[in-house]
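A.B. asks: All chains, please: the whole structure from these sequences, using the hints.
Protein chains: 2
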Amino acid sequence: MARILILGAGVMGTALSVPLTDNGHIVNLVGTHLDDDIIAKLQAGYPHPRLGIQVAERVTAYTCEQLSEAIKGVDLVVIGVNSHGIEWAAQALGAVLSVDIPILAVTKGLAGDGEKLSILPDVLCANLPDGVRDTPAESLRDRIQIAAIGGPSIAQELAARRHTCVMFTSTNPALLQHLAELARTPYYHIWTNTDIIGIEVCVAMKNVYALAVGLVIGFLEKAGKAVNDAEMHNLAAAIFAQGMWETAYLVDKMGGKTESVYSLPGAGDLYVTCQGGRNSRMGRLLGLGIPYSQAKAEYMPNDTVEGASLALAIGQTVENMIHKGDLDAIALPLLRTMIDIVCHNAPAIIPWEKFFVR
Amino acid sequence: MARILILGAGVMGTALSVPLTDNGHIVNLVGTHLDDDIIAKLQAGYPHPRLGIQVAERVTAYTCEQLSEAIKGVDLVVIGVNSHGIEWAAQALGAVLSVDIPILAVTKGLAGDGEKLSILPDVLCANLPDGVRDTPAESLRDRIQIAAIGGPSIAQELAARRHTCVMFTSTNPALLQHLAELARTPYYHIWTNTDIIGIEVCVAMKNVYALAVGLVIGFLEKAGKAVNDAEMHNLAAAIFAQGMWETAYLVDKMGGKTESVYSLPGAGDLYVTCQGGRNSRMGRLLGLGIPYSQAKAEYMPNDTVEGASLALAIGQTVENMIHKGDLDAIALPLLRTMIDIVCHNAPAIIPWEKFFVR
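Protein sequences appear in the order of chains F and B.
Position one of the first sequence corresponds to residue 73 (the working numbering), numbered consecutively onward.
Position one of the second sequence corresponds to residue 73 (the working numbering), numbered consecutively onward.
It is possible that part of the hints are untrue.
Identical copies go unnamed one by one, so any copy, or any two together, can satisfy a pair.
[What the hints assert, rightly or not] Mimicking SDA-like on lysine to any residue, the simulated pairs with C-alpha atoms at most 20 Å apart in a straight line are:
{"id": "1", "residue 1": "329", "residue 2": "430"}
{"id": "2", "residue 1": "329", "residue 2": "403"}
{"id": "3", "residue 1": "144", "residue 2": "372"}
{"id": "4", "residue 1": "426", "residue 2": "262"}
{"id": "5", "residue 1": "325", "residue 2": "184"}
{"id": "6", "residue 1": "297", "residue 2": "235"}
{"id": "7", "residue 1": "325", "residue 2": "398"}
{"id": "8", "residue 1": "294", "residue 2": "403"}
{"id": "9", "residue 1": "294", "residue 2": "423"}
Hint data in this document are derived by calculation from the structure and do not stem from the laboratory.
On a predicted model such as this, the values are computed, not experimentally measured, just so you know.
C.D. replies: Below you can see the structure in the form of C-alpha cells.
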C-alpha cells in the first residue's frame with residue numbers, strides 16, 4: 073500500500089485515482105485553484121461533476137491551500153494538471169516536495185522558449201527550485217525523478233474501469249517498474265518504455281493534429297453530404313496520416329525513437345483524440361470558417377483546447393527554428409498551417425501539395 | 073488523352089473512372105462475371121447501383137465476355153477487382169494483354185503459399201502467362217510493368233470528387249510519374265513512392281486490423297455504456313496501435329520501409345477503414361460473440377470482408393512461418409488472434425499481455 077498525492081482534480085487526475093485505489097493505495101487528491109468547486113463537491117460526498125463517478129473512500133480531497141498538509145507521508149506525486157498548469161504545479165510542489173518522492177506526470181504538451189522545444193518533464197524540472205531548500209543535497213531540480221504517462225486514455229473510460237492501455241516512461245527503468253506495479257490493474261494495462269522524448273513528443277503533438285483532423289467535421293458540415301451520401305473520411309484520414317508523418321519527423325529530430333509513433337503514444341493516442349473532445353469541437357468551428365480568436369472567445373471561452381494551446385506554446389519557436397535551419401521548412405506543413413490558424417487567425421486551408429515530403 | 077481499361081466494375085474500379093475521365097481519358101469499364109447486373113445498369117444509362125453516381129459519357133461499360141474487344145487500343149489497364157479476383161484477373165488479362173501495356177492495381181491483399189507471404193502485384197505477375205504467346209519476346213510474366221495504389225480511399229468519396237490522397241507505387245519511378253500524371257486531379261492527390269513492399273503490406277494488413285478494431289463495436293454493444301456514459305475508445309485505440317505495431321514488424325520483415333507505416337498506406341488507410349464498412353460490420357458481429365463461420369453465413373453471405381479474406385489467405389502460412397522461425401512468435405499476437413477467430417472460430421478475446429513486445 074502506498075500513499076499517493078494527485079495534483080489536479082480535473083477528469084484525468086481524478087480518473088487515475090481509480091486504478092490506484094483499486095490497488096489498495098491511499099490517494100490525496102489536491103485541486104488546483106481552478107478546481108475549488110470540484111473539491112467542494114467531492115468533500116460533500118457528491119460524484120465528480122465532469123467525470124460522472126464517485127471517488128473511492130480511500131480518496132481524500134484537498135484544496136490547493138491544503139497542499140502542504142496533503143503531501144505529508146506520501147510516496148509518489150502524480151501531476152494531473154493541464155498544460156497551462158505545469159509551471160504552477162512545479163512551483164507549488166517545489167515548496168513542499170522532498171527529493172526522494174518521485175513524480176509521475178500525465179500532463180501533455182511541449183514548451184518553446186523561442187529557440188528550442190522542450191518536453192514537459194524537462195519544463196517541470198526547470199521550474200523546480202534550484203540548489204538548496206533544507207540541505208545542499210536537496211536540490212530538487214537536479215535530483216528529482218520524473219516519469220510520465222502516454223497513450224490513449226479518455227479519463228471517463230479509465231474511471232469506468234474500461235480497458236485502457238498506456239506507456240509509463242522515464243529514463244530510469246527501475247522507477248518505471250515500480251510505478252507500473254503500483255498502478256497496473258486488470259483494466260489499466262501498462263507498458264514501460266525509456267523513450268521519454270519520443271513518447272512525450274507524440275502525446276503532445278497528437279493534440280494539434282487531432283485539432284487538424286477535427287477541421288473536417290466543419291468542412292463536411294459546410295459542404296453537406298454528396299449526392300451519393302459520401303462524407304469526408306478520406307480527407308480526415310490523409311490529415312491523420314500527415315500528422316503521424318510530421319510527428320515522426322519531430323520525434324527523430326528531438327532525439328526520440330520513431331517506433332513510438334506507430335505504437336500507443338503516437339497512433340493510439342492520436343486515434344483516440346480524434347474520437348471527440350475539445351480539440352474536435354474547436355476543429356469543427358475552425359473548419360466552418362470561424363477565425364480562431366472568435367471561436368475561442370464566443371464558443372469555448374472556458375475550455376482548454378490542448379491542440380490550440382500547443383500551437384500557441386510552440387508556434388513562434390517552431391518558426392524561429394525553421395528560420396535558423398534547426399527544423400526543416402518542408403517537413404511540417406500541417407503544423408505550420410495549424411500554427412497560422414491558431415496564432416494568426418488564418419483561414420483553414422489544407423496545403424495538400426506540401427504533404428508527405430521529407 | 074489516354075485510353076484506359078478498368079477491370080472490375082465494383083465501387084473502387086468504377087470510382088477510378090471519375091478522375092480519369094475528368095482528365096479527358098477514355099475509359100472502358102469491364103465487369104467481372106459477378107458484375108453483370110452492374111454492367112447492365114450502366115449500359116442502360118442508370119447510375120452505378122452501389123456507388124450512387126452516373127458514370128461519365130467517356131465511360132463505356134463491357135461485360136467480361138467483351139474483354140478482348142474492350143482492350144483494343146488501350147494504353148493502361150487498371151485492376152479493380154477484390155482480392156478473390158486477382159488470379160482470375162491475371163488469367164483473363166493473360167489471354168489478351170500486350171506486354172507494353174502497364175497495369176495499375178488497386179486490389180489489396182497478401183497471398184500465402186504455406187511457406188512465404190507474397191504481395192499482390194507478385195501474385196498477379198505469377199499468374200500471367202510464362203514464356204511466349206505471340207513471340208518469344210512477349211513473356212508477360214517477365215516483362216509486364218505493374219504499379220499499385222495504396223492509401224485511404226473510400227470509393228464513394230472519390231466518386232463524389234471529395235479530397236482523396238493516395239500513393240502510387242512500383243519499382244519504376246518513370247512509370248509512376250507517368251501514371252500519376254494520368255490520374256492526378258485537384259481532388260485526387262497522388263504521391264509516388266517506390267516502396268512497393270511496404271505499401272502493399274500496409275494496405276493489406278489494414279483490413280485485418282480494422283476487423284480487430286471493429287470487435288470493439290460488438291464489445292460495447294454487449295456491455296453497454298458505463299454509468300458515466302463512457303464508451304470504449306481507449307480499447308479501440310490500443311487495438312489500432314497494436315495493428316500499426318505489427319504492420320511495422322511485417323513491413324520490415326518483408327523488406328519494406330517502416331516509414332510507409334506512419335504515412336498514407338499505414339496510418340491513413342487503417343484510420344479510414346475503421347470508419348465503417350464491411351470489416352467493421354463483421355468485427356461487430358464477432359465482438360458480440362458470434363463465431364466467424366456463423367456470422368459470415370447468416371449475416372454477410374454475399375459480402376467480401378477483406379479482413380477475414382486476408383486471415384484466411386495467410387493464416388496457415390503465418391503459423392507455418394512462425395513454426396519455422398521465419399516470423400517471430402511474439403511479434404504478431406493480434407494477427408494470430410484474428411487468424412484464430414476467422415480460421416478456427418475462436419472467441420474474440422484480446423491478448424493484452426502479449427501486446428507491444430518485440
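A.B. asks: Does each hint fit the structure? Answer for all of them.
C.D. replies: Hint check results:
1. 329 <-> 430: both (17 Å within a copy, 14 Å between copies)
2. 329 <-> 403: For residue 329 and residue 403, the Cα distance is within 20 Å both inside one copy (17 Å) and across copies (18 Å).
3. 144 <-> 372: neither (38 Å within a copy, 61 Å between copies)
4. 426 <-> 262: Result: close only across copies, 12 Å inter versus 37 Å intra.
5. 325 <-> 184: Within one copy, since 15 Å is at most 20 Å while 38 Å is not.
6. 297 <-> 235: between (34 Å within a copy, 13 Å between copies)
7. 325 <-> 398: within (9 Å within a copy, 33 Å between copies)
8. 294 <-> 403: Result: close neither inside a copy nor across copies, 30 Å intra and 44 Å inter.
9. 294 <-> 423: Within one copy only: 19 Å inside, 42 Å across.
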